[in-house]
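Asks: First to last, the sequence lines map onto chains A and B.
Note that the working numbering has the first sequence beginning at 152, numbered continuously upward.
Note that the working numbering has the second sequence beginning at 9, numbered continuously upward.
None of these hints come from the bench; they were simulated from the model.
Quick reminder that beta carbons are idealized off the backbone N, C-alpha and C, glycines included.
Among these hints, one or two may not hold up.
If we take Cβ atoms under 10 Å as the criterion, some of the chain A residues that face chain B in the derived model are [said to hold, decoys possible]:
#1 P214
#2 F215
#3 L218
#4 R220
#5 A222
#6 A224
#7 P226
#8 P229
#9 R231
#10 L233
#11 A236
#12 R256
#13 S258
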Amino acid sequence: MPPGGERIAVLALQRLGDVLTAARVTEALSRRACTASVEVIHWDATSQAAALLPGVSARHALPFGGLRRAARAHPLAPLRTLSRAVDHITDARGFDRVINLSSTRFSCWLAPALLSPGGTVSGPSIDPLGRYAASSNAITYLNEWGVDPELNVFAHQDLYAHAAGVRLAGFSGLREGGGRRSGPIVFHPFGSERAKDWRTADDWRALVGRLGATFGRPCVLMGAPFEAEALADIARGTGATVATWPLSACVGLLDDATGLVSVDTVAIHLAALLGCPNVALRQGPARGLAFVAGTAELCVDAEHDMASVDEVVALAERHFSERPIPLAADPSWRTRLRIREGYRDHYGFLGLATPSWCRADGDWKVDDASDRQWRGLWRTSFDGEQPPRAVIEALMNGTGRFDAPRWDALLRAPDGLGCAARGCVRGSQSAA
Amino acid sequence: MTRRATPLLDPTGPAADGSAATGAVPHAIVGDSLLGIVVANPPPPPPPSGEPTVVWVHDGAGGTEPPPGATSCTVDEALRWAADGPPPWLHRRRLEGILVQYAADAPAAVRRAARGLRERVTPRDVAGLRDLAVAWGNPALVDALARLGAHRAPTFADLARALGRSDDPDAPHFARLCWALEHL
Chain A
152 MPPGGERIAV LALQRLGDVL TAARVTEALS RRACTASVEV IHWDATSQAA ALLPGVSARH
212 ALPFGGLRRA ARAHPLAPLR TLSRAVDHIT DARGFDRVIN LSSTRFSCWL APALLSPGGT
272 VSGPSIDPLG RYAASSNAIT YLNEWGVDPE LNVFAHQDLY AHAAGVRLAG FSGLREGGGR
332 RSGPIVFHPF GSERAKDWRT ADDWRALVGR LGATFGRPCV LMGAPFEAEA LADIARGTGA
392 TVATWPLSAC VGLLDDATGL VSVDTVAIHL AALLGCPNVA LRQGPARGLA FVAGTAELCV
452 DAEHDMASVD EVVALAERHF SERPIPLAAD PSWRTRLRIR EGYRDHYGFL GLATPSWCRA
512 DGDWKVDDAS DRQWRGLWRT SFDGEQPPRA VIEALMNGTG RFDAPRWDAL LRAPDGLGCA
572 ARGCVRGSQS AA
Chain B
9 MTRRATPLLD PTGPAADGSA ATGAVPHAIV GDSLLGIVVA NPPPPPPPSG EPTVVWVHDG
69 AGGTEPPPGA TSCTVDEALR WAADGPPPWL HRRRLEGILV QYAADAPAAV RRAARGLRER
129 VTPRDVAGLR DLAVAWGNPA LVDALARLGA HRAPTFADLA RALGRSDDPD APHFARLCWA
189 LEHL
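For reference, chain A alone in the conformation it holds in the complex (with noise of 0.2 Å):
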């Protein structure tokens, strides 16, 4: 231990939505009498997420465009712009801790660049000769099963924030006892990609009247400045309003609001440390369980079709709702969508699952179970310990809509686990 604490870099190279979710890594580490300070590196462009960081004494940006339009002159001007940016922000005694939570390579090779000697990255690094590092089981798990929603059954911020050793059950967000849920309904119906747009201005405007008129509150369309111009599209004839605000602004509006419904984007992720309830309309590359926001959020996944309006009105009223009626799933919905809330099981890891008004048949509860015995699996083996010999053959024989695939992957894994699954299969066939 340094003398006078230990001084922690968070290296948050990522979009808005994603820099938020370090809101509970910095404000755990901020906490702790060993700290220092807690300093949060991020890129230019979401300096206005880095700024509702909690916990945090120093914030450094990156210019992310600026490197890559110096990029396009020769290689030493960006070269000289990042190693003067790094000099700056080290300054000269580097940091005794390196939290980096994303897994791009160039977050992976700069963050050892950022140490003191004898100091420590905790996540994703490179080594000198260029081989990867995970510092923990959690990480080594992001790397080699992603964020696939068929495989994956973790919220990839609970991993790196896994690895970073911040316990993950007791975060409050960032207001602690939530807002009065008593003013408008808030909807962000753009994301960061097109692919994960939900339907047309049409079905957002009768989405919004609908909702509107359900409740008997106003609304608010939210969205980036370059957005406004649709925003007032969809607004029209609805009585709702356009709010392209700053971040900051947009933490009152959603401390407030009644709900929220959004693609996956930014919103979302403020909404979760708001505590504000919201329906993510999910498609593409969104959906599963990588990237939940938080507890407040009821994720509607398009598997091969996206919910219409009547299913959101249905769903949204019921999820905004504090005695919500119970509401029976339409058995087209096993095969089009997937309908689950977010909940932290007894260990802080987020999950996602059925919704307690909704009526559905044994399946989902099954597709369920198999995603919590699958992260009680992996949460075994990040502790380095072997799971029992019977959790594995449940897997085996595991009836999910995703167990096959999951399985066959744990037979192909390299590590302690994979043997454990071939080892149950050689056992079975014996027993044969």
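Given the structure of chain A, go ahead and fit chain B onto it with the hints provided.
Replies: Quick look at chain B alone, frame taken from chain A:
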């Protein structure tokens, strides 16, 4: 001594020095040299930290607007800077990077002048980069560039590998930064 107002010649009228009588055609333009007196344009403000300087070459015909923050440069200036070297303020910004740009529909003369200026102020070959590394005062890079063949423009990966072979104590640090930039 007070500075005269920047001279502006009317090509259709008589010249102030009486050259009309000799048949000479006036040629000076705003902010340029006249009668051997160099009237230097003040250097534009530096770009934001970490950003390259953008020089916008044009023929003064109007049309496409230069991007925000770009420094305007006429074809004549670009040709002169390419031939005689850039002005000191631009020369000093070579290390941070200079982007020479022009409108997508620019005429051939503008494109040729921009290409000439670009070759002069943004070296991509090993020798030019070595000069820049010397100007930076970075012995690790100077050493690494001396290990590279002169036949091509090195990439970040080439620089990182060359730095890996250097004995300079700072070389591993710069090699790591080069690998990071290779994956930006």
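Asks: A separate judgement is required for each hint: does it hold in the structure or not?
Replies: Consistency of the hints with the structure:
1. P214: At 4 Å from the nearest chain B Cβ, P214 (chain A) passes the 10 Å test, so the hint holds.
2. F215: This interface hint holds because 8 Å falls under the 10 Å limit.
3. L218: Since chain B brings a Cβ to about 6 Å from L218 (chain A), closer than 10 Å, the hint holds.
4. R220: 5 Å, holds
5. A222: The hint holds - A222 (chain A) has a Cβ within 10 Å of chain B, the shortest such distance being about 7 Å.
6. A224: A224 (chain A) check passes; min Cβ-Cβ to chain B is 3 Å, inside 10 Å.
7. P226: Interface hint status for P226 (chain A): holds (6 Å vs cutoff 10 Å).
8. P229: 5 Å, holds
9. R231: 6 Å, holds
10. L233: L233 (chain A) check passes; min Cβ-Cβ to chain B is 5 Å, inside 10 Å.
11. A236: 7 Å, holds
12. R256: Holds: closest Cβ of chain B sits about 4 Å from R256 (chain A), inside 10 Å.
13. S258: 8 Å, holds
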